[in-house]
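Asks: Below are the chains, spelled out letter by letter.
There are 4 protein chains.
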Amino acid sequence: MEIGLIGLGKMGFNMAERLRLGGHKVVGFDFNKEATARLTSLGSVGVDTLEDLVKNLSAPRAVWIMVPEGDPVDQTIARLLPLMQQGDTIIDGGNSNYKDTQRRHAALKPQGFHFVDCGTSGGIWGLKEGYSMMVGGDPEAVNPLFPIFETLAPGKAEGWGHVGPSGAGHFVKMVHNGIEYAMMQGYAEGFSIMKAKTPLNLDLVQISKIWQKGSVVRSWLLDLTADALEKNPTLDGLTAFVPDSGEGRWTVFEAIDLNVSAPVITESLIRRLRSREDNNFTDRMISIQRNAFGGHAVKKA
Amino acid sequence: MEIGLIGLGKMGFNMAERLRLGGHKVVGFDFNKEATARLTSLGSVGVDTLEDLVKNLSAPRAVWIMVPEGDPVDQTIARLLPLMQQGDTIIDGGNSNYKDTQRRHAALKPQGFHFVDCGTSGGIWGLKEGYSMMVGGDPEAVNPLFPIFETLAPGKAEGWGHVGPSGAGHFVKMVHNGIEYAMMQGYAEGFSIMKAKTPLNLDLVQISKIWQKGSVVRSWLLDLTADALEKNPTLDGLTAFVPDSGEGRWTVFEAIDLNVSAPVITESLIRRLRSREDNNFTDRMISIQRNAFGGHAVKKA
Amino acid sequence: MEIGLIGLGKMGFNMAERLRLGGHKVVGFDFNKEATARLTSLGSVGVDTLEDLVKNLSAPRAVWIMVPEGDPVDQTIARLLPLMQQGDTIIDGGNSNYKDTQRRHAALKPQGFHFVDCGTSGGIWGLKEGYSMMVGGDPEAVNPLFPIFETLAPGKAEGWGHVGPSGAGHFVKMVHNGIEYAMMQGYAEGFSIMKAKTPLNLDLVQISKIWQKGSVVRSWLLDLTADALEKNPTLDGLTAFVPDSGEGRWTVFEAIDLNVSAPVITESLIRRLRSREDNNFTDRMISIQRNAFGGHAVKKA
Amino acid sequence: MEIGLIGLGKMGFNMAERLRLGGHKVVGFDFNKEATARLTSLGSVGVDTLEDLVKNLSAPRAVWIMVPEGDPVDQTIARLLPLMQQGDTIIDGGNSNYKDTQRRHAALKPQGFHFVDCGTSGGIWGLKEGYSMMVGGDPEAVNPLFPIFETLAPGKAEGWGHVGPSGAGHFVKMVHNGIEYAMMQGYAEGFSIMKAKTPLNLDLVQISKIWQKGSVVRSWLLDLTADALEKNPTLDGLTAFVPDSGEGRWTVFEAIDLNVSAPVITESLIRRLRSREDNNFTDRMISIQRNAFGGHAVKKA
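Sequence lines, in order, name chains A, B, C and D. If you're matching positions, the first sequence starts at 1 in my numbering and goes up one per residue. If you're matching positions, the second sequence starts at 1001 in my numbering and goes up one per residue. If you're matching positions, the third sequence starts at 2001 in my numbering and goes up one per residue. If you're matching positions, the fourth sequence starts at 3001 in my numbering and goes up one per residue.
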């Protein structure tokens, strides 16, 4: 079928390619003209304006947005809406907060537009391996998009599903990322313990490779970790600084709002915050407290 | 080659079978005569005494112990030693504490015996899929056992390795299990959050299956979780009670001894402890504190 | 000076009394006629309508609201506003979210009303010992209220302060409660450990009393804990169920929004959530995972 | 009464002084001759050998050891024993592990010596305010020491007690310190959150002083914190590096051994470990994982 794709970054460009290879007509827009030119050169239709994007698609249109969450999504929708017709569908495939999604759906539906949310996992590997997609929205909006999901997914009926009403897709993706935080932190702690056990002189690369086969902790994340460790076994040249892009903290907020205790996902987030705290104030407060009651020496800067 | 196997439980019996299928001569002992009879019926040699086990093996012998950690390992070694000869090798394939392993190694070596530790992962699936094995010990003891490891492993050169001196195998397996705790807790928290989001009415079985393909959180553990959830999507009939068999707490102790902060593995253990605390005293203490300063009502039993 | 007081519950009634004893004229309103009658019987002016409350105060008026946070505060303000005059001051002394406070301040100021926030600590003991108060608001609104704060506080210039602009009082009180959660959890864990050490047969009441004098952990909270433990040393008859009234979770949200890692306050909140989870789903998920990979028995309900 | 005191450091010297002021004869030993000379100059008996210490005391003797836990305690006992007589008592007033205490008690008792453990809290403030003491040991050993405890304590019958058999004193002190960790971490997190809320421009010194009077979080630790903050409100010149001297980690080990979930005391310890991890390996591992699956940029050193 035909699909418009707005945002040809790391994720969007590869999705466009996977769709083209799957036989769909892809019309792709990005502010970056190099990206659209490259898309065209590969056989899709790269365009430089949203007007051209809409013109190149037959109604009822399906336009997939793959831009950073928050204002960029709202702005894209605002600019797109006047160009589109009732019955057209917008799919937000990015990492939006499900509450924003539900707000957007509530605003678009009365105007006659469909709004579908798709939590998309798979990162930079999706072009080759397919994307895991959790889709939320009204069935009449989601059903016509099946050919798109079937192509993007790892298998026609695998790795994707319509998980619920509007927002459900982004909600499930949010939790997915929360779990991802916990898994990453778990692996990282384990490797740190092994690295610290210097008398055993353990080879972290060897161990990561052993665990890839037959162990209980084998996973795709471990496969990637093993490869990355092999390239840089001591992690030299890296700073201990871990960003978070939003979904982890939303998962924590949601757990608390739902009165669900989720200590490990929460702590995984907190450790990321900690990684960005220079000359930690909390630790310095404890130093002065220890000094105040026990006369313990403080470490000077 | 020939190998003795002591302990034909869930793990040991299947390992014996995988070895037999791989062309090795297996002599298996267990106190349970049904298990030894079944082993014999499948084509290996089931015996009812350690004397018979030793007699049925040619020197230098390799005897693999697969019994619960702690006293059972010490007792097995004590009873085995008088029957064996210098140059024979004992392999502890169970979940022993690496410090016990190092102590046993230090005791056996001067007496002329080899002692090898093998952390074995794979659970009840190992017969079919192979076992992931982390081996510790002296090279002269480990090297002759390569045919055994190559057969038990998922692939000849995959899923196992000689990771270091005595104790290294059990140390790495211990950390492996610590990571396993964190992964399990991470998944479980995520599913709990989704279950609690009742307005979205999410289908946990569907979601676990989606994530198996293409998602960042895909793993073998998730595969098993998806299957188990499908059989009992509401987890009815289960009690919220989680045992721990030792390796998780050892990982926590070790992290602290090494001055490595490992909050997520630690919290995963703590939650297991919490699952077994009935009428939690800590919570009741907080209740009386709240009542004492704020007059907040306490909930009566 | 004169002051109106809306909400004569556990906190409000005692504050009214402390103000009366300090020489102020107090006009108190509550829906509960018993409370207003009792106030009158003690020498203050108890009234049954907001109209009467306002009428009994000279302009510019100061009206202190002591009602549950959220809608009750908004409703009280909405009903009060038409009765009051420009230049009058409303003080919110309850546990409101500082963001609500800032919103209310922003709405009231252009209408000519002052709005002051006062985080009030001290619980049911304030009548006797005085209240600790953290005040936020415009100086021209806060300054005329000094006589009120000086009377309510433990000492004229002790235990209270104008800590910043609108919202600052409630923000500081919110953090105060976060710290309170951590302290309570810390004490409760310590006593739980001692209780569990059965071979030492420790007397928790005795120990709490020892620590009250000279120890590093002495505190007012410990004083109250010691008294409460003495009355019920085994905490019999209590259920392990701990509510949370909002400020703890707001502190956690705020810490995350500010990118401050606050693991102990956060975990103290999470444990309260945990105390209210019956037949914990997370634990049951872990049980089925353990069963799935290792054949470990699950505990049936 | 007469008492020997070995170890005239920060704690020991002040205890000797408080005992002298209370009318006891104190014979004090330290390797540091300045300390013994100073003790003598104040009116006690400073000695430079253990022989002299023992000679200056009448049998049955009471000798209080105030040295670092571990080997120093064992060495002191070993050197003291040949000089003493059956019926003499050794008191370990330091921060020993209660398991060491029980081992020492079991070794000394059959030789006819008494061994008493005293967990001592109060830090550098004890001289003035008295020490909180938790005493363990056999009643026939503890009872004759009452005059000593009554003098050291904040009040004759306040702030100390015989809490149980050998080891009980050190056990309770260990838990006391665990609670102390949690309280310090709780306060420090709270102040960090307030400091980070830059739009409110909160004055941490002012707030700490407000909370000292009437608030629920008032405590001796807060008093000290307020004083320390006043001297250095920005904590300039300090490094975020927090040592731990043993009792916190023992509390964590003990909680786990007792199957008591104590997440907040545990996390308080873990944060101290974290404060000492430079260029945290765990965080760098997470960085390469994020890069590996999502192409997220890593921060270079």
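Treat the hints as calculated values from the structure; they're not laboratory data. Computed from a predicted structure; not experimentally measured. Just to be clear, a hint being listed does not mean it is correct.
Stated by the list, open to error - Now the in silico label distances, taken between C-beta atoms and shown as ranges:
{"#": "1", "chain 1": "B", "residue 1": "Pro-1199", "chain 2": "A", "residue 2": "Lys-156", "range": "25 to 35 Å"}
{"#": "2", "chain 1": "B", "residue 1": "Gly-1237", "chain 2": "D", "residue 2": "Ile-3124", "range": "42 to 52 Å"}
{"#": "3", "chain 1": "B", "residue 1": "Thr-1239", "chain 2": "C", "residue 2": "Ser-2245", "range": "23 to 33 Å"}
{"#": "4", "chain 1": "D", "residue 1": "Ile-3124", "chain 2": "A", "residue 2": "Thr-198", "range": "44 to 54 Å"}
{"#": "5", "chain 1": "D", "residue 1": "Asp-3227", "chain 2": "B", "residue 2": "Gly-1237", "range": "53 to 63 Å"}
{"#": "6", "chain 1": "A", "residue 1": "Asp-71", "chain 2": "D", "residue 2": "Pro-3068", "range": "41 to 51 Å"}
{"#": "7", "chain 1": "A", "residue 1": "Lys-128", "chain 2": "B", "residue 2": "Thr-1234", "range": "49 to 59 Å"}
{"#": "8", "chain 1": "B", "residue 1": "Lys-1010", "chain 2": "C", "residue 2": "Asn-2279", "range": "22 to 32 Å"}
{"#": "9", "chain 1": "C", "residue 1": "Ser-2245", "chain 2": "A", "residue 2": "Leu-21", "range": "49 to 59 Å"}
{"#": "10", "chain 1": "D", "residue 1": "Ile-3124", "chain 2": "C", "residue 2": "Ser-2245", "range": "34 to 44 Å"}
Glycine included, every Cβ here is placed at the ideal spot set by N, Cα and C.
Asks: So, for every hint listed, does it hold in this structure?
Replies: We went through each hint and held it up to the structure:
1. Checked against the given bound of 25 to 35 Å, the beta carbons of Pro-1199(B) and Lys-156(A), roughly 30 Å apart, stay inside it.
2. Checked against the hint of 42 to 52 Å, the C-beta distance between Gly-1237(B) and Ile-3124(D) comes to roughly 59 Å, which is inconsistent with it.
3. For the pair Thr-1239(B) and Ser-2245(C), the supplied restraint of 23 to 33 Å holds, since their beta-carbon distance comes to about 31 Å.
4. Hint check: Ile-3124(D) to Thr-198(A), Cβ distance near 37 Å, so the stated range 44 to 54 Å is violated.
5. For Asp-3227(D) paired with Gly-1237(B), a C-beta distance near 58 Å keeps the hint of 53 to 63 Å intact.
6. Taking 41 to 51 Å as the suggested C-beta distance range, the pair Asp-71(A) and Pro-3068(D) does not conform, at roughly 59 Å.
7. Here the CB-CB span from Lys-128(A) to Thr-1234(B) is close to 37 Å, at odds with the stated 49 to 59 Å.
8. About 27 Å separates the C-beta atoms of Lys-1010(B) and Asn-2279(C), a value consistent with the hinted range of 22 to 32 Å.
9. A C-beta distance of roughly 56 Å is found between Ser-2245(C) and Leu-21(A), which places it inside the suggested range of 49 to 59 Å.
10. For the pair Ile-3124(D) and Ser-2245(C), the supplied restraint of 34 to 44 Å holds, since their beta-carbon distance comes to about 38 Å.
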